[in-house]
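> Each chain, written out:
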Amino acid sequence: AQSVTQPDIHITVSEGASLELRCNYSYGATPYLFWYVQSPGQGLQLLLKYFSGDTLVQGIKGFEAEFKRSQSSFNLRKPSVHWSDAAEYFCAVGAGGATNKLIFGTGTLLAVQP
Amino acid sequence: NAGVTQTPKFQVLKTGQSMTLQCAQDMNHNSMYWYRQDPGMGLRLIYYSASEGTTDKGEVPNGYNVSRLNKREFSLRLESAAPSQTSVYFCASSGYRSYEQYFGPGTRLTVT
Numbered sequence: 334a335q336s337v338t339q340p341d342i343h344i345t346v347s348e349g350a351s352l353e354l355r356c357n358y359s360y361g362a363t364p365y366l367f368w369y370v371q372s373p374g375q376g377l378q379l380l381l382k383y384f385s386g387d388t389l390v391q392g393i394k395g396f397e398a399e400f401k402r403s404q405s406s407f408n409l410r411k412p413s414v415h416w417s418d419a420a421e422y423f424c425a426v427g428a429g430g431a432t433n434k435l436i437f438g439t440g441t442l443l444a445v446q447p
Numbered sequence: 031n032a033g034v035t036q037t038p039k040f041q042v043l044k045t046g047q048s049m050t051l052q053c054a055q056d057m058n059h060n061s062m063y064w065y066r067q068d069p070g071m072g073l074r075l076i077y078y079s080a081s082e083g084t085t086d087k088g089e090v091p092n093g094y095n096v097s098r099l100n101k102r103e104f105s106l107r108l109e110s111a112a113p114s115q116t117s118v119y120f121c122a123s124s125g126y127r128s129y130e131q132y133f134g135p136g137t138r139l140t141v142t
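Just so you know, the protein sequences line up as chains A and B, in that order. The opening position of the first sequence corresponds to residue 334 in my numbering, with each subsequent residue numbered one higher. The opening position of the second sequence corresponds to residue 31 in my numbering, with each subsequent residue numbered one higher.
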């Protein structure tokens, strides 16, 4: 069965530092992969997605993610973090089959210190 | 274009009470979903509707019922609320054959 693992529950970075959030998935075929962000008290907003093609995808707010099939990973990166990036980040994979369901990871909570 | 809207935003229930959470989307999407979010557990799918007229159970359907009223609206009903249903509930929608889901702002439900 498909699954998503986000190994880091909580990460703290300094403003201006680089960021990498880890995501590993389990899926037999080429996966459909997503990163969502949830600001406090808000719904989830799509940051970026990977379906096929170029393995480095760009998203909104200066984020990017790289699909690595050999490592079953889809890590999210940002070169310089801003205080407004403090939020919870969720990785998700398409469940496959005849439905459009997503399987979500448990999330990584990002804190940004000045 | 409001996207996905949910009502109410907050609700407090006593054990055994019933209520319906409302969700509507104006993007002409075929599929709609109800999730619950609990600390440390991510989002878990309660029910989904792949298209108007169909509904299916997700990962955690017990204690809930749904109605896909029309293409726009998908409601979630708690018939007899329990403290274990204290959670934040999100509705989402996606287009035909698309995994890309759009989320509502959520309903924070407390059952005492």
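The hints are simulated quantities; they were obtained by calculation from the structure and are not laboratory data. For every residue, glycine included, the Cβ atom is placed at its ideal position computed from N, Cα and C. Warning: the hint list may mix true and false statements.
Here are the simulated SDA-like cross-link-like pairs (lysine to any residue), alpha carbons at most 20 angstroms apart as the crow flies [as the list claims (entries may be wrong)]:
| hint | chain 1 | residue 1 | chain 2 | residue 2 |
| --- | --- | --- | --- | --- |
| 1 | A | LYS401 | A | SER417 |
| 2 | B | LYS44 | B | SER114 |
| 3 | B | LYS39 | A | GLY376 |
| 4 | A | LYS394 | A | GLY430 |
| 5 | A | LYS394 | B | TYR132 |
| 6 | A | LYS382 | B | LYS39 |
| 7 | B | LYS87 | A | GLY374 |
| 8 | A | LYS394 | A | GLN404 |
| 9 | A | LYS382 | B | GLY125 |
| 10 | A | LYS401 | A | THR363 |
| 11 | A | LYS382 | A | ALA362 |
| 12 | B | LYS87 | B | MET57 |
| 13 | B | LYS87 | A | THR432 |
| 14 | B | LYS39 | A | GLY374 |
| 15 | B | LYS39 | A | GLY395 |
| 16 | B | LYS101 | A | THR432 |
| 17 | B | LYS87 | A | LYS401 |
| 18 | B | LYS87 | A | THR363 |
| 19 | B | LYS44 | B | SER110 |
| 20 | B | LYS87 | A | LYS394 |
Taking CB as the label site, the calculated pair distances span [what the hints assert, rightly or not]:
| hint | chain 1 | residue 1 | chain 2 | residue 2 | range |
| --- | --- | --- | --- | --- | --- |
| 21 | A | SER351 | B | ALA112 | 39 to 49 angstroms |
| 22 | B | GLU103 | A | SER359 | 27 to 37 angstroms |
| 23 | A | THR345 | B | GLN52 | 35 to 45 angstroms |
| 24 | A | THR345 | B | GLU109 | 20 to 30 angstroms |
| 25 | B | THR35 | A | ILE393 | 34 to 44 angstroms |
| 26 | B | SER81 | A | PHE384 | 20 to 30 angstroms |
| 27 | A | ALA444 | B | ARG74 | 40 to 50 angstroms |
| 28 | B | MET49 | A | ASP341 | 34 to 44 angstroms |
| 29 | B | ASN95 | A | GLY430 | 41 to 51 angstroms |
| 30 | B | PRO38 | A | SER372 | 12 to 22 angstroms |
| 31 | B | GLY46 | A | GLU348 | 43 to 53 angstroms |
| 32 | B | GLU109 | A | SER405 | 32 to 42 angstroms |
| 33 | A | GLN378 | B | GLY83 | 42 to 52 angstroms |
| 34 | A | SER413 | B | SER114 | 19 to 29 angstroms |
> Compare the structure with each hint and give your call.
Going through the hints against the structure:
1. A:LYS401 <-> A:SER417: Violated - the C-alpha atoms of SER417 of chain A and LYS401 of chain A are around 28 angstroms apart, more than 20 angstroms.
2. B:LYS44 <-> B:SER114: 12 angstroms, holds
3. B:LYS39 <-> A:GLY376: 11 angstroms, holds
4. A:LYS394 <-> A:GLY430: Not OK: LYS394 of chain A and GLY430 of chain A at ~32 angstroms, beyond 20 angstroms, violated.
5. A:LYS394 <-> B:TYR132: 17 angstroms, holds
6. A:LYS382 <-> B:LYS39: 28 angstroms, violated
7. B:LYS87 <-> A:GLY374: 27 angstroms, violated
8. A:LYS394 <-> A:GLN404: Not satisfied, since the Cα-Cα distance of roughly 26 angstroms exceeds 20 angstroms.
9. A:LYS382 <-> B:GLY125: 15 angstroms, holds
10. A:LYS401 <-> A:THR363: 11 angstroms, holds
11. A:LYS382 <-> A:ALA362: Distance ~16 angstroms between LYS382 of chain A and ALA362 of chain A Cα, so the pair holds.
12. B:LYS87 <-> B:MET57: Not satisfied, since the Cα-Cα distance of roughly 23 angstroms exceeds 20 angstroms.
13. B:LYS87 <-> A:THR432: 12 angstroms, holds
14. B:LYS39 <-> A:GLY374: 10 angstroms, holds
15. B:LYS39 <-> A:GLY395: Status violated; Cα separation ~30 angstroms.
16. B:LYS101 <-> A:THR432: 17 angstroms, holds
17. B:LYS87 <-> A:LYS401: Violated - the C-alpha atoms of LYS401 of chain A and LYS87 of chain B are around 32 angstroms apart, more than 20 angstroms.
18. B:LYS87 <-> A:THR363: 25 angstroms, violated
19. B:LYS44 <-> B:SER110: 9 angstroms, holds
20. B:LYS87 <-> A:LYS394: 35 angstroms, violated
21. A:SER351 <-> B:ALA112: 39 to 49 angstroms: 44 angstroms, holds
22. B:GLU103 <-> A:SER359: 27 to 37 angstroms: Roughly 34 angstroms apart at Cβ, these two residues keep to the hinted range, so it holds.
23. A:THR345 <-> B:GLN52: 35 to 45 angstroms: 38 angstroms, holds
24. A:THR345 <-> B:GLU109: 20 to 30 angstroms: 42 angstroms, violated
25. B:THR35 <-> A:ILE393: 34 to 44 angstroms: 22 angstroms, violated
26. B:SER81 <-> A:PHE384: 20 to 30 angstroms: Once the Cβ atoms are compared, 22 angstroms apart, the range 20 to 30 angstroms for PHE384 of chain A and SER81 of chain B holds.
27. A:ALA444 <-> B:ARG74: 40 to 50 angstroms: 24 angstroms, violated
28. B:MET49 <-> A:ASP341: 34 to 44 angstroms: With Cβ atoms ~36 angstroms apart, the hint holds.
29. B:ASN95 <-> A:GLY430: 41 to 51 angstroms: 24 angstroms, violated
30. B:PRO38 <-> A:SER372: 12 to 22 angstroms: 20 angstroms, holds
31. B:GLY46 <-> A:GLU348: 43 to 53 angstroms: Given about 48 angstroms between the Cβ atoms, the range holds.
32. B:GLU109 <-> A:SER405: 32 to 42 angstroms: Roughly 41 angstroms apart at Cβ, these two residues keep to the hinted range, so it holds.
33. A:GLN378 <-> B:GLY83: 42 to 52 angstroms: 29 angstroms, violated
34. A:SER413 <-> B:SER114: 19 to 29 angstroms: 42 angstroms, violated
In summary, the numbered hints that this structure violates are 1, 4, 6, 7, 8, 12, 15, 17, 18, 20, 24, 25, 27, 29, 33 and 34.
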